[in-house]
Amino acid sequence: MNFLRGVIAGQAAGPQPSGAETIQKLCDRVASSTLLEDRRDAVRALKSLSKKYRMEVGTQAMDHLINILQTDRSDSEILGYALDTLYNIICNDEEEEQDESEDENAQKQADDLGAQFTDTFIQEPEHVTLLLSLLEEFDFHVRWPGVKLLTALLKNQCTQVQGVILVSPMGVSRLMDLLADSREVIRNDGLLLLQQLTKSNAAIQKIVAFESAFERLLDIITEEGSSDGGIVVEDCLLLLLNLLKNNSSNQNFFKEGSYIQRMKPWFEVGDDNSGWSAQKVTNLHLMLQLVRVMVSPVNSPGATASCQKSMYQCGLLQQLCTILMATGVPADILTETINTVSEVIRGSQVNQDYFASVNAPSNPPRPAIVVLLMSMVNERQPFVLRCAVLYCFQCFLYKNQKGQGEIVATLLPSTIDANSISAGQLLCGGLFSADSLSNWCAAVALAHALQDNLTQKEQLLRVQLATSLGKPPVSLLQQCTNILSQGDKIVRRGSKVQTRVGLLMLLCTWISNCPIAVTHFLHNQENVPFLTAQISENLGEDERLVQGLCALLLGICIYYNDNSLENYTKDKLKQLIEKRIGKENFVEKLCFITKHELYSRAAQKPQPVFPSPEQMLFDHEFTKLVKELEGVITKAVHKSSEEEKKEEEVKKTIEQHDNIVTQYKELIREQDAQIKELKEQVDSMSSQNEQMQSTVTQQLSTIQQHKDQYNILKLKLGKENQSPSNGQGDGSQVNGLQTEELTQLREEVEELRKQQTLLQTQLGDKDALINSLKSEAAQAAEAAQTAEGSAGGSENTELLKELEALRSQVQSKSSEINQLKTERQELVRRAEAGSSDTVPSSDSSIDTAKMAELESRLAAQTTETERLKGETKGLSESRADLEQQLASATSTVAILQTEKAKLQTDVQESKKEQDDLLMLLADQDQKIHSLKQRLKGLGETVEDEDDLDARDQTDDDDEDEEED
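Residues in the sequence shown are numbered from 5 upward in steps of one, following this note's numbering.
Among the clues, some could well be false.
As the list claims (entries may be wrong) - Below, simulated EDC-like cross-link-like pairs (lysine to aspartate or glutamate); rule was C-alpha separation at most 16 Å, straight line: (1) 669 <-> 659; (2) 268 <-> 232; (3) 683 <-> 885; (4) 587 <-> 662; (5) 259 <-> 219; (6) 904 <-> 592; (7) 159 <-> 223; (8) 313 <-> 260; (9) 284 <-> 228; (10) 639 <-> 592; (11) 403 <-> 357; (12) 500 <-> 547; (13) 403 <-> 659; (14) 56 <-> 25; (15) 643 <-> 694; (16) 669 <-> 903; (17) 639 <-> 694; (18) 915 <-> 566; (19) 683 <-> 887; (20) 587 <-> 659; (21) 904 <-> 659; (22) 500 <-> 546; (23) 284 <-> 357; (24) 599 <-> 634; (25) 587 <-> 575; (26) 284 <-> 219; (27) 599 <-> 545; (28) 284 <-> 272; (29) 628 <-> 885; (30) 639 <-> 541; (31) 268 <-> 336; (32) 403 <-> 456; (33) 500 <-> 618; (34) 873 <-> 694; (35) 643 <-> 653; (36) 406 <-> 357; (37) 29 <-> 67; (38) 159 <-> 123; (39) 500 <-> 545; (40) 639 <-> 582.
Keep in mind that the hints were calculated from the coordinates and are not lab data.
My request is simple: use the sequences and hints to build the entire structure.
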């Protein structure tokens, strides 16, 4: 203890020991002391030395400190000292603060030292698991240094520590509990820990998200004041960005959890927007980035569209547009807001329509699009702001033919309003201004108004421009080509590479896939000579891109040429290229576009992001057009007229086959619909059949009950005949009993009669329905059953046989009923004889007549039941016939599909055979030619085909003369 006090207090007797010796003695004391107080003092001393002697403490004491964490779990104070010591030797932050004046090599050595100690610590994954278990301790002196230590480990070796935490049971859940800690210091450092934990690890990001991270983080942001909050809000937003960026699962979870709606209050700004703090600007910038992550163009189209819809429905887009039109908003926030609105409306028709209706708070009100375009063509505005406005305009027109039509309409003569500034006027003004960046932006913006829209390309040909007083107006297309080819002041201003590149991109987009625009372009006699001259010249590096674009423009004129101009048909343009430029040279110049260093950068993402205005040369959508046309133009230039004719013939053949296939598809669709309808009818008839069978079963059970009652009555009457000596009182009792039973039988017969009438009515309706279904089924299956006529006779024969069987069954039932009637009459006769011996009465004769009537009704009911059975069986047979017709129609569909596949196979085989024959003929001609050459070389006389034809003609003339 005296030694420890000396170390801590700086008192020592005799010579002072070195730092390494002191640390060694402290480590021995930690390892060998049995008293907890001694070990605690030794660890405290190591903590005080760990910053100054980082290397020595880390090398000698790490194992002892880890052992303390494992063995002394009951003492929170020694655990806190050990964790602080480990943090000091692993973390590089303190070293950075102390070594600000040192050189970079010293700082690099410090970073390497932290990484080295981190590797030593995580060599055993149990050490990280131990640290995670210590985070469950609620004691502040244990939990806080544990959080800091784990954060330092993640900063130094993120991937390895992430792997250990991922496989640790409840590892991520323990860390998520830090956000619920009531002590703000631990909660805030927990945010920093989770930021490091979720970097570039999708699995951990998903686990954190499903541990209610979104709910907790949004609650913290709200508690801290949203955009007006401090650094804690920034940390929460950075963590949200880590969880959502490039993670489609978490993005979908965020949207489905209705968390997008909770983002709307973040963007509520007041009228007075002056004096924004730097922290508020940072927070709002991160919030805008969070919105952009949800609707980024790199996300799947379905997920992006769903988020865009939610943002419009909850009013988030409206709130962003309010910021867009507000005054006093800082420039960088305004720029990021424009980019955010751009991606929220990109490709969403509803959002694009809303954005078109937004007006700026000016007098008179102007559309927001017009106000933004005024900033884009204003050279005094910041470069990043102009790029953002261009991106917003591009997103507004992306897959928005309605918006494209509205922009082009502002340029047409019939819709121009002289009293207001329109988007078209601003674009034309920027296109022909003295600022090359305005020229490029206006050209690209106008090209997006024509993207994939043939109608607007043709409409834009009607635009007329007034150049100067006293001169006739010229078309917009003519004016663009004049800037490229003429030599006045406009040309000298447009001689900059950026201006010419913009105009050439506009012209390529305009005339591509539009033969009418190609014709208008070729109609100007100066355009083609200018393009060929530009391509054929040997210019510097800066002009190579212009040469490539000129080659692309000339190639589009060839590929989309409809040969309506006699002087500039496809063949004549290709001949011109071959004579003036050379095909190989033309293709080489065309490749200058894709080989440019800025081409690949622009092709990566839609947003125009450039480090400087001079590098603003390519548009993202234009790179797609180049990629699409480069190959086809190269093939079109190298093709001969015969090859083009053959291709046209092949295209026509393919179109014919496609038409045949389309017809078969339509026929199959119709038959599928008919089959579906027949199936539904069969199902309904099956259900009706089941209902009828259940009704017949009930009737049979009722008849069986009547038979049982009849047998009981017959037994009773038999007993009465066997005892004729019974008195008058007994006879009257029997007659009274018989009368009650007869009354009951009458009621049951009446009920059966009503049921019979109801069944007959239902059967009549079913018969009518079955007949109509049979007629419809026969019409639907008539086309598919032409070869089944011979099978009809056999089916009719089978039906007749079944009918005869039913008749025989009916006769057997009738005989059985007659036998029952006979027995009944015999019983009645015996009953009458017995009653006449006792007391004659007129009621007995009446009862006998009623009994006979009941017997007749019972027989009629039995017959009717049998008829119902026959009709039920007929329904079953009709169902079988319909199923057979359905199967026949299905087989017909399969045959048609087989024929279709066979036709397609035959076409492919015929094409292949023709190619093979052509190859064989060419090889044969080559062989004959080579043999003739060899014979000539050997001195033999070989006659060519022309000589043989001449000889044959001479022989024919000689034969004619001899005949004369």
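> Keeping to a limit of 16 Å between CA atoms, is the pair of residue 628 and residue 885 held or broken?
Replying inline: Violated, because 59 Å separates the two Cα atoms, which is more than 16 Å.
>> Would the hint linking residue 873 and residue 694 be met if the CA-CA limit is 16 Å?
In response: With Cα atoms ~12 Å apart, residue 873 and residue 694 stay inside 16 Å; holds.
> Taking only the CA atoms, is the gap from residue 268 to residue 232 under or equal to 16 Å?
Replying inline: Status holds; Cα separation ~14 Å.
> Taking 16 Å as the top limit, are the C-alpha atoms of residue 639 and residue 541 close enough?
Replying inline: The hint is violated at about 23 Å.
> Quick one, are residue 500 and residue 546 close enough, alpha carbons at most 16 Å?
Replying inline: Measuring from Cα to Cα gives roughly 10 Å; hence the hint holds.
> If you draw a straight line from the CA of residue 669 to the CA of residue 903, is it 16 Å or shorter?
Replying inline: holds (12 Å)
>> What's the verdict on residue 29 and residue 67, does the C-alpha distance respect the 16 Å limit or exceed it?
In response: holds (15 Å)
> Does residue 659 lie within 16 Å of residue 904 when you go C-alpha to C-alpha?
Replying inline: holds (15 Å)
>> With the threshold set at 16 Å, check whether the alpha-carbon distance from residue 587 to residue 662 stays at or below it.
In response: Cα-Cα ~35 Å, so violated.
> Does the alpha-carbon distance linking residue 500 and residue 547 stay inside the 16 Å limit?
Replying inline: Satisfied, since the Cα-Cα distance of roughly 10 Å is no more than 16 Å.
> Are the Cα atoms of residue 683 and residue 887 separated by 16 Å or less?
Replying inline: The given pair, whose Cα atoms are some 8 Å apart, holds under the 16 Å limit.
> Does the alpha-carbon distance linking residue 643 and residue 694 stay inside the 16 Å limit?
Replying inline: This hinted pair is violated, its Cα atoms lying about 72 Å apart.
The earlier numbered hints that this structure contradicts are 4, 6, 7, 13, 15, 17, 18, 20, 23, 26, 29, 30 and 31.
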